[in-house]
Amino acid sequence: MSVLQTQNISKQYPGTLALDRVSVQFESGKIHALIGKNGSGKSTLINIFSGAVQPTSGKMLLDDKEIAFKRPSEAQSMGIATVYQELSLIPGMSVAENIFIGRLPMKGPAVNWKLARKMAKQLLDELEIDISPDETVNHLSAWQCQMIEIAKAMSLQPKVLQLDEPTSSLAQSEVESLFRIIRKLKEKDVIILYITHKLQELWNIADTCTVLRDGKLIGTKQMAELDRRELIKMMFGAVEIKSMPSDLKYSDEVVLKVENLSDGRKFSNVNFELHKGEILGIAGMLGVGRTELLSCIFGSQRAKSGSVYLNGKKIENPTPEKMNKLGVAMTQEDRKRIGVNLNGSIADNLCYASLDRLGKGTVVDRKIEKQYVSRQIRDLEIKVADPRYFVSSLSGGNQQKVVVGNWLNTEPQIILLDEPSRGIDVNAKQQIFQIIWDEARKGISCVMVSTELEELLETCHRILIMRNGGLDKEVLPENITVEDLYAICMGE
Amino acid sequence: METVKKRMSVQQVLTNYTLEIIIVFLAVVLSFISDYFFTVNNLLNMLRNIALQGVIAFGMTIVIVSGELDLSISSSVALTGVLIGLVGGKLEDAGIMPLEYGAVVGIVVALIVSILVGVANGWLITRFKIPAMIVTLAMQNILYGIAAVISKGFPIITFPSWYSYIGSGRLFGVIPVPVIVLLIAFLITYFMLGFTKFGRATFASGGNAEAARLSGINVTKTKIIGLVVIQICCVISGIMLSSQVMSGTFSFAKGWEMNAIASVIIGGASIAGGIGNMRGTLLGIIFIGILTNGMTLLNVNDYVQYIVRGGLMIFAVLLSTFKNSQRA
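Chains as they are written, first to last, in the numbering used here: chain A, 1 to 492; chain B, 1 to 328.
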């Protein structure tokens with residue numbers, strides 16, 4: 001049996017203390033879940049174990065021997081293997097090649113393929129992974145790739161195996177197959193650290209659960225003795241929920257109706273109605289298909305079946321271009337990748353969605369453009385030195401305001417907001433909520449998706465819960481606590 | 001604020017006007033080496049020589065900013081001359097109309113073909129997500145083959161006498177017509193990229209195609225328009241080329257894509273798309289023009305010139321990569 005230990009380990013970043021004197025202990029033969037919300041320090045801790053980050057102070061011990069790494073390769077050679085969320089497999093190569101990449105058995109100057117295949121076969125059999133070593137990786141599905149990643153890590157015969165969000169891209173049925181393999185690993189004398197956002201998985205896979213919050217260790221519990229409410233309390237502490245301004249009322253008029261919508265993968269038969277001036281929250285755990293739902297309504301992703309009605313009129317084959325013209329806006333979750341054009345100026349990024357409105361004909365009317373830019377900068381209080389600067393020069397919060405401003409310039413009737421507070425600081429969050437409320441007062445309706453459920457309680461009139469592949473419950477923020485909301489989302 | 005005019009630091013001047021400084025430096029050096037360089041005649045000649053490829057470089061700027069590439073241009077230029085000569089000749093042979101008018105019909109035919117080629121390029125690239133490099137390289141071969149087949153491999157020389165004015169004529173007896181054409185093409189493309197909705201959409205599509213699509217911009221349409229514009233530029237260039245020699249030959253304009261792309265990149269565009277401007281491209285064209293002119297005046301071997309231009313392009317790409325990485 002081996003033990004991985006930290007003693008008073010801390011990590012100071014400029015301005016933030018990511019880990020604050022954390023002392024934990026993990027034994028082999030068990031699956032240890034490591035959880036905490038964004039910014040809790042759990043990523044920092046895994047990165048310290050994997051050698052990607054060096055602690056500011058404190059000690060790490062593996063089997064009572066002090067260890068310290070300058071780089072990830074040192075952690076690997078000490079027997080700490082990490083499987084990251086982003087897969088590192090090379091699509092065009094075989095399974096065997098991928099597993100032994102960089103250390104394939106040689107016969108003279110040539111690779112000993114026969115031996116490599118045999119070694120891979122033996123490893124896969126041992127882990128009961130039913131995949132041929134000769135299969136090319138691009139023929140495998142996401143969960144099979146995840147298993148090959150695990151096999152690759154196990155081929156190093158590690159003492160510690162870190163799994164970072166292994167199920168994030170998997171469908172529900174695939175998760176169980178992966179879990180079977182992970183449970184199998186317990187029989188080997190390995191310390192398994194399991195990081196996940198999907199809390200509902202924990203009771204299914206983990207033996208113990210270590211919770212971090214704001215860089216501090218909150219505690220380690222046996223999963224068998226832990227109930228959902230207690231876990232949520234540990235993760236979030238005492239959360240103060242502010243309520244939305246009382247003057248926000250919405251009318252009975254239905255502006256958006258979604259009927260039996262399915263994306264063919266994550267959700268099916270979703271039905272809901274959105275009213276004029278209403279802020280509707282969609283709650284659910286990570287990966288249940290919230291983004292996909294919004295994308296299917298907005299037309300950036302093709303729905304498999306079902307229909308979307310705007311003001312009672314059915315929309316055939318929605319596309320972002322069509323929905324934009326019809327007064328529907330959508331702000332994207334992944335801001336840097338698909339939300340803004342980082343090569344463009346702030347001014348450009350504020351006018352992309354409203355290009356058609358910048359004057360009649362084909363020429364851009366600079367006067368209107370200037371008005372559009374300055375009105376958003378003023379109304380949203382975007383902090384810019386000069387709108388001609390690149391949008392990449394702004395902070396996350398201000399970039400998010402540019403994303404919102406880009407859409408407000410289209411004077412939309414409905415705004416779909418996918419994680420509007422992701423990666424921005426507390427103040428900017430409050431400002432974004434204020435903007436949403438201001439728009440709702442003008443009679444604009446919003447659908448908002450957020451992982452931080454307390455934000456939904458604070459911002460929304462009504463919350464729909466997405467779980468088990470559909471929208472199956474409705475709650476009102478005034479009647480529910482954040483603990484209950486999390487518990488419902490997890491399927492209680 | 002208005003009264004406080006900030007003076008630019010030396011470093012800012014150097015980074016903002018790098019090309020201008022290099023061009024002036026080159027010109028000064030060349031005028032010391034060769035007495036002939038700074039004559040009106042030589043400068044106008046130089047401009048006339050760069051006009052043909054310059055027009056294409058403007059189209060290439062739009063295409064590169066939109067995040068695509070067009071390598072089919074050399075064949076398009078050659079095909080233009082062949083088509084115009086052939087259509088004019090055939091119409092005269094058939095007794096339908098004299099060569100004087102036949103050439104005009106030929107120009108219209110060449111324009112229609114160019115639009116079809118541009119749409120085909122754009123459709124294959126956007127519909128099937130085939131890299132532009134592959135599609136347009138294949139198109140280069142197809143058009144080259146078509147030009148050779150329809151001309152049966154011979155130069156086509158059925159052009160009316162007025163036709164030579166386009167390539168060899170001089171306005172007021174001084175300014176070469178191609179220089180005027182270059183100027184007009186510059187103004188039009190400068191306006192398109194900088195002042196129209198299409199221009200904004202082009203930058204968005206090249207800078208982040210998915211973000212542009214999700215903002216409701218028709219990325220496909222934008223890219224196809226760019227690829228049509230460059231083909232029209234090829235027709236204009238092809239008319240001037242065939243007019244200068246009064247002949248349309250299928251093997252004309254080989255390797256022109258190299259100079260066009262080099263001018264655009266030297267002008268500060270990013271080969272990854274989303275960044276670039278016409279002013280820069282114009283300077284890039286002038287820079288390559290002066291360099292070529294200088295090398296010719298100094299009797300530098302033709303093939304050595306190839307080496308210099310190729311090396312220059314790599315240098316320009318390195319410089320732009322460096323500049324863009326500094327920003328991020």
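Each hint should be verified, as a subset may be incorrect.
In silico BS3-like cross-links for lysine-lysine, where the CA-CA straight-line distance does not exceed 27 Å [said to hold, decoys possible]:
#	chain 1	residue 1	chain 2	residue 2
1	B	197	A	370
2	A	322	B	197
3	B	323	A	383
4	A	266	A	336
5	A	360	B	323
6	B	323	A	336
7	A	336	B	221
8	A	325	B	323
9	A	249	A	198
10	A	367	B	129
11	B	221	A	370
12	A	266	A	216
13	A	304	B	323
It should be emphasised that the hints constitute simulated quantities derived from the structure, not laboratory data.
Quantities reported herein were computed from a predicted structural model and do not represent experimental measurements.
For each hint, the structure was consulted:
1. B:197 - A:370: holds (14 Å)
2. A:322 - B:197: Cα-Cα ~17 Å, so holds.
3. B:323 - A:383: holds (26 Å)
4. A:266 - A:336: Since the Cα atoms of residue 266 (chain A) and residue 336 (chain A) sit roughly 24 Å apart, the hinted pair holds (cutoff 27 Å).
5. A:360 - B:323: violated (36 Å)
6. B:323 - A:336: holds (21 Å)
7. A:336 - B:221: holds (24 Å)
8. A:325 - B:323: violated (38 Å)
9. A:249 - A:198: violated (34 Å)
10. A:367 - B:129: violated (37 Å)
11. B:221 - A:370: Cα-Cα ~26 Å, so holds.
12. A:266 - A:216: violated (35 Å)
13. A:304 - B:323: Distance of about 45 Å is beyond 27 Å: violated.
The structure fails to meet hints 5, 8, 9, 10, 12, 13 from the earlier list, while all remaining hints are met.
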